[in-house]
Amino acid sequence: MALVAMLLAVPAWAQEKSADAPAAAASAAGHEAEKPGLFWMPDAISTYGEGVDDLFLLIFWITGIAFVVVEGLMLWFLFRYRNREGCDKAHYTHGNNKLEVSWSLATVAVLAFIAYIQMVGDSSWLTIKTGYPEKDGVVQPGTFVVRVYGEQFAWHFNYPGKDGKFEDQRHSFKSSINAIGLDEPAKDKVLPKLVVPENVNILIELNSLGKYDANTESYTHPVLHSFFAPNLRLKQDLVPYHPGKIWFKIKQGTAREGKKYEIVCAELCGEGHSNMHAPFLVLSEEDLAKELGYDWKTAVPEKFPEPVHYYQEQKEAE
Amino acid sequence: MTTETKENVATEDHAEHHEMGFWGKYVFSRDHKAIGMQFMMTALFMLFIGGGLALTLRMRLAWPEAEFMGIDMKQFGGETYNVLFSMHATVMIFFVIIPFLVGAFGNFVIPLHIGARDMAFPFLNGLSYWIMPLAGFVMFGGILLEGVEAGLKSGAFASGGWTSYPTLSVIAGYGQTLWCISLIIVGTSSIMGAVNYVTTIVKMRAPGMTFGRMSLTVWSIFITAILILFGTPVLTSALIMLILDRHFGTTFFTNDGQPLLYQHLFWFYSHPAVYIMILPGMGIASDIISVFSRKPIFGYKAMAAAMAGIAGLGFIVWGHHMFQSGMNPYLGTYFMIATMMIALPSAVKSFNWLGTLWRGNIHFTTPMLNALGFISMFIIGGLSGIFMAATTVDLMIHDTYFIVAHIHYVLFGGSLFGVFAGITYWFPKMFGRMFSETLGKIHFILTFVGFNCVFFPMHIVGAAGLPRRYAAYVGEGASKTWAHMQPYQQFMTVSAIVLGLAQVFFLIALIYSAIWGKKAEKNPWKANTLEWTLDSPPPHGNFHPDLPTVYRGPYEYNSGLVEEDYLPQDRLLETSSASAGGDGEDSSGEGTA
Chain H
162 MALVAMLLAV PAWAQEKSAD APAAAASAAG HEAEKPGLFW MPDAISTYGE
212 GVDDLFLLIF WITGIAFVVV EGLMLWFLFR YRNREGCDKA HYTHGNNKLE
262 VSWSLATVAV LAFIAYIQMV GDSSWLTIKT GYPEKDGVVQ PGTFVVRVYG
312 EQFAWHFNYP GKDGKFEDQR HSFKSSINAI GLDEPAKDKV LPKLVVPENV
362 NILIELNSLG KYDANTESYT HPVLHSFFAP NLRLKQDLVP YHPGKIWFKI
412 KQGTAREGKK YEIVCAELCG EGHSNMHAPF LVLSEEDLAK ELGYDWKTAV
462 PEKFPEPVHY YQEQKEAE
Chain F
11 MTTETKENVA TEDHAEHHEM GFWGKYVFSR DHKAIGMQFM MTALFMLFIG
61 GGLALTLRMR LAWPEAEFMG IDMKQFGGET YNVLFSMHAT VMIFFVIIPF
111 LVGAFGNFVI PLHIGARDMA FPFLNGLSYW IMPLAGFVMF GGILLEGVEA
161 GLKSGAFASG GWTSYPTLSV IAGYGQTLWC ISLIIVGTSS IMGAVNYVTT
211 IVKMRAPGMT FGRMSLTVWS IFITAILILF GTPVLTSALI MLILDRHFGT
261 TFFTNDGQPL LYQHLFWFYS HPAVYIMILP GMGIASDIIS VFSRKPIFGY
311 KAMAAAMAGI AGLGFIVWGH HMFQSGMNPY LGTYFMIATM MIALPSAVKS
361 FNWLGTLWRG NIHFTTPMLN ALGFISMFII GGLSGIFMAA TTVDLMIHDT
411 YFIVAHIHYV LFGGSLFGVF AGITYWFPKM FGRMFSETLG KIHFILTFVG
461 FNCVFFPMHI VGAAGLPRRY AAYVGEGASK TWAHMQPYQQ FMTVSAIVLG
511 LAQVFFLIAL IYSAIWGKKA EKNPWKANTL EWTLDSPPPH GNFHPDLPTV
561 YRGPYEYNSG LVEEDYLPQD RLLETSSASA GGDGEDSSGE GTA
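Chains as they are written, first to last, in my numbering: chain H, 162 to 479; chain F, 11 to 603.
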């Protein structure tokens, strides 16, 4: 019964993201339900998010039907062919090759369909993972560019500043007022939250930073994190020493809703893993300019600087 | 609660043996049956360690800031939480499921099923068991060195998850090194066992026991042993590289090395390891379903071929664990297609189980119920696998509770129900007494319901994106996105307590049945395989004075050739030799060879 009650309460999703007590789920049910996400999923706000949900739904129906048919048949057989008085013979057969071949082919057809459908369209795997707004390694004009740094256990978001150029990053530059260690921190904007405009391509570079260890007076190896924005339907690990890239575009009209989203870490990164999250906001151009302190469109960086890793810094120092 | 159980690992391992009467006569035995039961008892003991860890972390997730009976749930957050789930998974995978399915049933069943007096290398066999407790001591060595509380503070226990990805595992405390060494020992034990199984099956089958007449249990363990032989050395190499990176200044996975290299090596073993943990269950369930449907297994050759197919394809799909790892996305497409392919043999097996039940004469004994539980839960686990195999859907559900639901449907719903089926099925041969049907059925129902109540809701919260390996989803410093799903957490935890109590009940039922159960006859299930022609329990050396001669496959139920509805593999029929081979239409060729 408890499970049923919970299932009924599920559409309460999406309204009360700031709820911080278990009881809030119950009270949230009273609020007006606007555009609940698919099933229990949070709203999809990226251009490819709904395509991802559609595929989820398609597989849900295919596997759901398979589940009902197979488990249903099994229950029926268990009932129909149960051992009874006066009926203790079983049908003697070792199988049927025609049947084997036909159900194998049917399964292959369904699996091939699922494999094919995810490789085509605007929400295909390669579109999401390789469709960067770049040409020959140069960022396309009109792209909003951010460098994201993950460290144990915080996110830092580095915006290029008025000059449209990212500052070089070094562990040795880090200080209490220069959290990620930028060469000239005043020239860039660094925020503990991700703010983006809607309806433009957004390109993000993912970097992982080491943590200062007071015992050895040096920085540890950076560790794996994973950039997970449930509302974007996007996840990508931050691989130490190997900066990665992601791109997405926010659907028009998202900024108007003014909701608070979250970036969380989805790859175990140590003690504070579950506390490693950051606010994620979609803003109108004016609000964004206010947050950043400049108009991002005036100058867009063409390239990300070559990373210099901590072990390289140490070698240089020697 | 956890503190106590963890300490017990080191001290009570042997006491357990005293109680069960194994110390002395059986402890350093080279008899495959005794070794099989040693594996079983050890795995059963570790099941409760792993279960205790699981319940502790479930309590923490449901009520992260509460206090129960003087135990403050806050202490199980942060690094302690990481230790809890890392140890839970490591214990369950390497010290429970693999020892149960491969160590216990492999040892106990293979010689009995193929008509051999023992394993090919009895000493190696004993050794493969005895280095397992050693591995356990190393894994939890921190308890011996520092005790639990101090050990938790100084990093004496591995906390990097059962995957232990670098670079986190490179900078972690010394428990990580202990974990690596322990798994190298476990891997060595696995290899010793696997060498034994393969040799025994290839060289020591009784006269007339062709490959085509082997039971599917033997087939499944044969294939599993081959998987172990190919996969384990790769894991061992990754672990050695990790130790070198940690202590000897190499940079395989750091600096100008490649962190993803470890993931590739790890999953090259650990994906096949998932099949190592499910294939023997499939074999056991196949045999049990045929026996209690009183009907030959449907599509014997397809069943064996499907297991071989799963094993072969199992080595080319590992990258589906790494879709979001930063691996080249084009490789992701390849691994997606390969993973879709591996769904086929699993589907074929499910259809064949259905075919076996069809027009059978189904007896709902405890082993049968557990085997049916295995099949129905494995189907759910298999179907949910298609979601995460789809690269774009995986963008959302990777590293969420959807994955946790999936692995538990396969490894608990699958493997552990297979274990319960196997224990209750061979219990008469192991202990000479019947497993109490009443207690067995109560245990099955409690476990089946409890299991689904714990793990089904994980699909729901997982689809919502709830990340795994989080110490809390509400309270101070926690992410806000999933706070409204806390009632699910509490429901799952309450169900988990029921599930845990059901296993305590199983232990009681097992001890009760071993002592006061009904005396078992030679062939209580009226089954065909060779162990049922022997006394319960069989004597040392099994077959006396001569080895049996095998005339047919193991699944001749209701063949119409004899009055009874079963026809043991070694019974010679006078009437006609060619057709009475009874191998069925598709294996008669092998029968005459």
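No lab work stands behind these hints, which were simulated from the structure alone.
Hints may contain errors.
Said to hold, decoys possible - Derived Cβ-Cβ restraints for the label pairs, each shown as a range: (1) F:ILE81 - H:SER263: 39 to 47 angstroms; (2) F:ILE81 - H:GLU295: 31 to 39 angstroms; (3) F:LEU271 - H:GLY325: 33 to 41 angstroms; (4) F:LEU271 - H:PRO466: 47 to 55 angstroms; (5) F:ALA160 - H:LYS326: 49 to 57 angstroms.
Unchecked claim - Think about it this way: if two alpha-carbon atoms lie no more than 30 angstroms apart in a straight line, the pair counts; the simulated DSS-like pairs of lysine-lysine are: (6) F:LYS84 - H:LYS372; (7) H:LYS372 - F:LYS490; (8) H:LYS335 - F:LYS163; (9) H:LYS250 - H:LYS350; (10) F:LYS163 - H:LYS250; (11) F:LYS490 - H:LYS406; (12) F:LYS536 - H:LYS250; (13) H:LYS250 - F:LYS84; (14) H:LYS451 - H:LYS421; (15) F:LYS490 - H:LYS421; (16) H:LYS326 - H:LYS406; (17) F:LYS451 - F:LYS528; (18) H:LYS250 - F:LYS311; (19) H:LYS412 - H:LYS372; (20) H:LYS348 - H:LYS406; (21) H:LYS326 - H:LYS354; (22) F:LYS528 - H:LYS372; (23) F:LYS490 - H:LYS451.
Quick caveat, the model's predicted, so the values are computed rather than measured.
Backbone N, C-alpha and C define an ideal beta-carbon position, used for all residues, glycine too.
Hints, verified against the model:
no. : hint                                    : result
1   : F:ILE81 - H:SER263: 39 to 47 angstroms  : 57 angstroms, violated
2   : F:ILE81 - H:GLU295: 31 to 39 angstroms  : 54 angstroms, violated
3   : F:LEU271 - H:GLY325: 33 to 41 angstroms : 36 angstroms, holds
4   : F:LEU271 - H:PRO466: 47 to 55 angstroms : 26 angstroms, violated
5   : F:ALA160 - H:LYS326: 49 to 57 angstroms : 51 angstroms, holds
6   : F:LYS84 - H:LYS372                      : 25 angstroms, holds
7   : H:LYS372 - F:LYS490                     : 25 angstroms, holds
8   : H:LYS335 - F:LYS163                     : 28 angstroms, holds
9   : H:LYS250 - H:LYS350                     : 80 angstroms, violated
10  : F:LYS163 - H:LYS250                     : 64 angstroms, violated
11  : F:LYS490 - H:LYS406                     : 26 angstroms, holds
12  : F:LYS536 - H:LYS250                     : 14 angstroms, holds
13  : H:LYS250 - F:LYS84                      : 60 angstroms, violated
14  : H:LYS451 - H:LYS421                     : 17 angstroms, holds
15  : F:LYS490 - H:LYS421                     : 10 angstroms, holds
16  : H:LYS326 - H:LYS406                     : 17 angstroms, holds
17  : F:LYS451 - F:LYS528                     : 16 angstroms, holds
18  : H:LYS250 - F:LYS311                     : 24 angstroms, holds
19  : H:LYS412 - H:LYS372                     : 36 angstroms, violated
20  : H:LYS348 - H:LYS406                     : 23 angstroms, holds
21  : H:LYS326 - H:LYS354                     : 20 angstroms, holds
22  : F:LYS528 - H:LYS372                     : 64 angstroms, violated
23  : F:LYS490 - H:LYS451                     : 25 angstroms, holds
Hint compliance for this structure: hints 1, 2, 4, 9, 10, 13, 19, 22 are not met, and every other hint is.
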